[in-house]
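A.B. asks: Taken in sequence, the protein lines are chains E and D.
When the first sequence is numbered by the numbering used here, its final residue is 115 and no position is left out of the sequence of numbers.
When the second sequence is numbered by the numbering used here, its final residue is 113 and no position is left out of the sequence of numbers.
Check before you lean on any hint, since a few could be wrong.
Unchecked claim - Keeping only pairs whose Cα atoms sit at most 27 Å apart, straight-line, the calculated DSS-like set for lysine-lysine is: (1) 13/D to 55/D; (2) 53/D to 70/D; (3) 70/D to 3/E; (4) 55/D to 3/E; (5) 57/D to 13/D; (6) 3/E to 70/E.
Stated by the list, open to error - If you want the footprint, here are the derived chain D segments under chain E, 3+ residues with CB under 8 Å: (7) 17–27; (8) 75–89.
No lab work stands behind these hints, which were simulated from the structure alone.
Ideal Cβ positions, reconstructed from N, Cα and C, are used throughout, including at glycine.
Each chain is listed here by its residues.
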Amino acid sequence: AQKITQTQPGMFVQEKEAVTLDCTYDTSDPSYGLFWYKQPSSGEMIFLIYQGSYDQQNATEGRYSLNFQKARKSANLVISASQLGDSAMYFCAMRGTTGANNLFFGTGTRLTVIP
Amino acid sequence: DVKVTQSSRYLVKRTGEKVFLECVQDMDHENMFWYRQDPGLGLRLIYFSYDVKMKEKGDIPEGYSVSREKKERFSLILESASTNQTSMYLCASSRGETSYEQYFGPGTRLTVT
């Protein structure tokens, strides 16, 4: 069975500082993928970053980077130089093994950026 | 620009009513998904479809059914709405087996009274 765990219900960060959002996962499948999505108060889920289990390097997308530690089964999201617009819910997700590649989501972390 | 639209942002229904939630994507994606989102539980998969007229149960299909008669449209049906189905419902789509990113609609907040 696949499982995603986000242990931080809420996080605070000072504007312009970096913040790490934790995500651990569990799967017996050797091939998997990990995602991070952002959900602002408007409700829409916004794709941020993807890491494949066989990718040699950690994924990066602008101010977002994924700290992928395969042996520890962790896929933490690092946001550098936080901005007020980064305040949102953040969800870690894992790709399923069906042909449609459905996602399993964690419970989310609410990030608040303080001016 | 990719687009997933949902028929309503907010919906209020009575217990026992039949409820239809519509989702349309304009990206010619093969896969479509329905999730419900509840505080402290994250998103949970209700049903998904990988082709027209094909459907698969997700983690919490009880009390729901789906319909996909056309590639671009995926409907979620609550046969007899109950108060425990009050939730945020999110539709998503993705291209196919080799494309993993899912594109989400704005969500429908359903309240069953």
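A.B. asks: Next step is simple, just say for each hint if it's right about the structure.
C.D. replies: Okay, the hints, checked on the actual structure:
{"no.": "1", "hint": "13/D to 55/D", "in the structure": "holds (26 Å)"}
{"no.": "2", "hint": "53/D to 70/D", "in the structure": "holds (8 Å)"}
{"no.": "3", "hint": "70/D to 3/E", "in the structure": "violated (32 Å)"}
{"no.": "4", "hint": "55/D to 3/E", "in the structure": "holds (23 Å)"}
{"no.": "5", "hint": "57/D to 13/D", "in the structure": "holds (24 Å)"}
{"no.": "6", "hint": "3/E to 70/E", "in the structure": "holds (15 Å)"}
{"no.": "7", "hint": "17–27", "in the structure": "violated (count 0)"}
{"no.": "8", "hint": "75–89", "in the structure": "violated (count 1)"}
Taken one by one, the earlier hints fail for this structure at numbers 3, 7, 8, listed in ascending order.
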